[in-house]
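Enquirer: With chain H's structure known, arrange chain E on it following the hints.
Residue numbers (the numbering used here), protein chains in the order written: chain H, 85 to 266; chain E, 6 to 215.
Take these hints with a grain of salt, some might be off.
Said to hold, decoys possible - Result set (DSS-like, lysine-lysine): computed pairs, CA atoms no more than 27 angstroms apart in a straight line:
| hint | chain 1 | residue 1 | chain 2 | residue 2 |
| --- | --- | --- | --- | --- |
| 1 | E | Lys156 | H | Lys175 |
| 2 | H | Lys227 | H | Lys175 |
| 3 | E | Lys150 | H | Lys91 |
| 4 | H | Lys113 | E | Lys150 |
Honestly, the hints are just simulated from the structure, not real lab data. Every value quoted in this text rests on a predicted model; they were computed, and no experiment measured them.
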Amino acid sequence: MNFEEDKKLSLLLIEGQRGDQVAYGHFLKEVSAVLRAFLLSRVKHLGDREDILQEALVAIHRARHTYAPGRPVGPWIYAICENRLIDNVRKRNRVERFEVSWIKDLENHFKAEASQEHYQLEKVFEIMGRLPKQQREILELLKVHGFSVAEVSIKTGMSESAVKVSAFRGYEIIRKGLGVKK
Amino acid sequence: MKTDALIRELASQAQPVQPLAHPFRRFAYWFFLALLYVAIGVLIIGFRKDLSDAITKTSFLIQAVVLLTLSFTTSLSAFYLSIPDLRNQRIMLTAVLVLAVWLVVFSAPILLTGDVTVGEGLRCLRNVLFLGLPPSALLYLILIKAFPLRKAELIFIGLVSTFGLGCFGTRFICPNDDPLHFFAWHCLPVLLVSVAGFGLARFISCKQSL
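Extracted from the complex, chain H is given alone in its bound form:
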């Protein structure tokens, strides 16, 4: 971002701080373009990139009172975006660790009892059938259709953490039903 662009963004943000919604909308649009370029080389997957961009925009919105007029706006924007990026990577690693361990549990279980595979799969679906409708739908979207947590959150209108909690409880019920230990 050059000096002119920075100054332009700064003026738009100052107007936004004063409550000018049009200027603020322009500011966010310009910022999203800048951050998309910033994230392009850092995040390969388009869906993830848009997720991080949206999180960064929400964070910028919440932090807009911390921008002091007169200071360059670039470092302020990049600091927030970088933080969201790091946070997202950490979050993803944790979730992956958790989900991978669950999948490994199931895989091990199925390998050990290959002869009962069909029976086990049937049992998984039978247990899933007994789950509340919304929880079953979440598990199907995540594990059968392969949607991400963010996408499921949008589809179901639930928050991402609520989706994760609901899925986690569903996994626990399936685990118990199959007699799989943690």
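Expert: Coordinates of chain E only, in the frame set by chain H:
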């Protein structure tokens, strides 16, 4: 939700906001109030009887200056750290340096003198907490109004700063100058509270992201 829709929604929520004052100004305001509280607290609890003698000792003065500098630098860096683009490395580095000096100044005499008397210290612990807690609460309320990106680090240095101030105040109350007593009952609680705060903040942030 598509990003364009999100932008429209955020723009429609744009109410006028008051930009935060400069971190140094907010720091000065907090530091003044915190010092005032500690001074009043010390007055209420009562000065040590040998204070007039103690303040003539170099060791006492060094310890007091180090504690005050520790609180000053760590709280100043906390205020800078609470603004996304103001993570001033020089201030952070100074705070870390002062923290190291603090640990050396208070642990070295134990090694040099071989002191093994811890002495009664529950009252000192209570005083450190009594003098440190309200400034901590005030600091938290002020800092949370900003937008700290590194909450756990901020909580750590914030707690070092406020309980360091409590430790500074306790120096004027407790007549026991034994190095081990001072380290165990005045300094260690500051470190333990700060590390516990840091750990708790990390734990909560991990839980929230699962």
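Enquirer: For each hint, tell me whether it holds in the structure or not.
Expert: Hints versus structure:
1. E:Lys156 <-> H:Lys175: holds, 16 angstroms
2. H:Lys227 <-> H:Lys175: The given pair, whose Cα atoms are some 19 angstroms apart, holds under the 27 angstroms limit.
3. E:Lys150 <-> H:Lys91: holds, 26 angstroms
4. H:Lys113 <-> E:Lys150: Holds. Lys113 (chain H) to Lys150 (chain E) sits at ~26 angstroms (cutoff 27 angstroms).
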